[in-house]
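J.: Each chain, letter by letter, is given below.
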Amino acid sequence: MGKNAILSLKDIYFNYGNEVILNGINLDIYDKEFITLLGPSGCGKTTTLRIIAGFETPKSGEVYFENKLINDLPPYKRSINTVFQKYALFPHLNVFDNVAFGLKLKKMPKKEIEKKVKHMLSIVDLKGYEKRSVSALSGGQQQRVAIARALVCDPDVVLLDEPLGALDLKLRKDMQLELKQLQQKTQKTFIYVTHDQEEALTMSDRVVVMNNGSIAQIGTPEDIYNEPSDAFVADFIGEANIINGIMIDDCRVKILQKEIPCVDTGFKKNSPVDVVIRPEDIEVVDKDKAQFIGVVEDTVFKGVHFEMSVMCGKCLWLIHSTVAQKVGDTIGMYIEPDNIHIMNKLFATSNNELDLSVYYSDKDDNTTTVLIEGNEVTIKDKFFEEGTLLHVVLPPEALSIAGDGVGNLDEVYIESVIWKGEHNEIILESDERKWIMQSDTDEQVATYVPITFDFSKADISVISEGENEE
Amino acid sequence: MKNKRTSYPYLLWMLIFTIVPIAMVIYYAFTDESGKFSLSSFVNASDYSEIFLYSLLVALISTAICLVLAYPLSFRISRCSKSKQRMIIMFLMVPMWMNFLLRIYAWVLILQNYGPLDMILSFFGIDITLIGNTSAVVVGMVYEFLPFMILPLHTVMSKIDNSLIEAAQDLGSNSFYVFKKVIFPLSIPGIISGITMVFVPTASTFLVAQYLGGTQFMIGDVIERVFQSDHHTGSAIALVLMVVILGFLVFMNRFGDEEAVGV
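Going down the list, the sequences are from chains A and B. Just so you know, the first sequence maps onto residues 1 to 470 in the numbering used here. Just so you know, the second sequence maps onto residues 1001 to 1263 in the numbering used here.
No wet-lab data here; the hints were simulated from the structure. Keep in mind that the hints are not guaranteed to be accurate.
Here's a subset of chain B near chain A, in silico, CB distances under 10 Å, partners left out [stated by the list, open to error]: (1) N1003; (2) R1005; (3) M1119; (4) I1165; (5) E1166; (6) A1167; (7) D1170; (8) L1171; (9) V1178; (10) P1185; (11) I1188; (12) I1192; (13) I1245; (14) G1247; (15) F1248.
Glycine is no exception: its CB is placed at the ideal position from the N, C-alpha and C atoms.
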């Protein structure tokens, strides 16, 4: 694998109307590597691919191909070919003509086209299918035609947009290996887009984890799995116990009211952190050697291991072990220090802090109304004079998704949802700021919801009094 | 097997309104006044062969103009969002909600001497007769039948997935090749049904030429006139027209099949 970048994205920004799709993407893609863009739906991975292919032009930023700026180069002039999500085979052409499409445009002699197409079809195991109509092929075969059609043009870079999404599990696994082998055999740069983390880990030389229009982490599959950069990556890649902790000192972290040793250093003393522990890294030990004691709630046989849910205080741990424990048993648990991964919190503070001035207030009703991003929000059972400047601390549990569909703030974007052992920690984005919310239910990321504030859980202090006192 | 009985009303309809009338036309065409077999009606019908050819020519020109106008328009519409497509198609259909004769009469008012268009042109010193000639008939035909070209084209084109166009670009096609290699071959079924839906009625329609063509009658008008006095000759002309149109349809379909395989 050469270390020279064949393709570079610099500060790519892209939006549809008000919706920011890509926010400052910087990425170098090396020659002959298999790189995967991985992320939940709506994270911008397909848009990134379309920008590389030339179907979209970034609103700002530069795309370099072999050190040449190609922002405005139309797709047909790029030495890049795409395998489309739903294959996009030409229905009016047979298998041979589909594969030969690109070569015919290059005005290649007929004999040579025939030779190349036949060779490529044999590589993808479709020898003898030349005259078949593409609609008479199975999903897996259509997939191979699409791959052959892209590869036969001998491009420098092949883009694959979730090419295995429509196939069933078994075929998908076979094709994963085949694609990887094909990439090694042809020595091309493959840029692969998927939302399937297992697929990404299986096939890639490097994985780019994307979230909400930005790159969360770039690294080898091992790096990404073992050293996730934040709770989002840890949650998205594989299974993980992610809980809130406090970094007492270098190599000392407090989780579930218990101080345990770890290997991470360099965090601020007593700062809140996210602690990630993979389920296979929690050892079941005798109670006298244990760091934590918990009760087994559930045991499921998963083939290779048992998956157990263990209630430890109020927190539910997920444990993988080859030895099953009985439901209801109390067990001891121990975690090796180097299996404890400490990372900065996704949200800088643990509460939502706002400075608000009182818009109007009603002494008789004992209510105060403030403006939050242009919406009137009424605080019940609290009275402050109009014009008073307030400092409001809303803890995560004071926010909730409006069940009746009408909230204090509408159309708030769900950026991430992470299970923290006791509840979900949800990060939201409204027009002007981000919010942290706590919820017992699962929510779909990359959707818009209305949220309501419960000011009875808020801590409100006065910064300065209003001027027009009565 | 589905219940056959549900198709009975339709079969009855076919029998009464399609099979029987065609049989009657054939019967009249091959008999004379006395009811005996005769080809004399066809001999009489040959008097109108010039008008017949003229009608086919007008139909051909009108169909060609409809195709040229409708093709780019349909493609442009098919690349809009679904809701926009529905709205544009509805606006294109609005004139069809009005009576056929009213629409033709509107063209008479527009094109007539000292009518608005004539006045505007003479203001610029262009002095030509706009009505009572083949051009006026073609204008009327195109106006009447353009929607019948747009609809089938749009239906077919809206089914061409954008990813096919992108795939063609991706494989090295510029806009011209995208059109030649992907859009055109995939839109052939639409072109064929569009041509059929415009050519057949324009060849056989009547009244348009009577209103806009002055003395230039078309075969539809002839059939109407002749039928009033002579059922036999009228039937003979109608039968010839039917056979020609049938031949045309067979040709179009065969051509379409070859195209779809050949490219």
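J.: Please flag the earlier hints that this structure goes against, numbers listed from lowest up.
T.: As far as the earlier hints go, 1, 2, 3, 12, 13, 14, 15 are violated by this structure, in ascending order.
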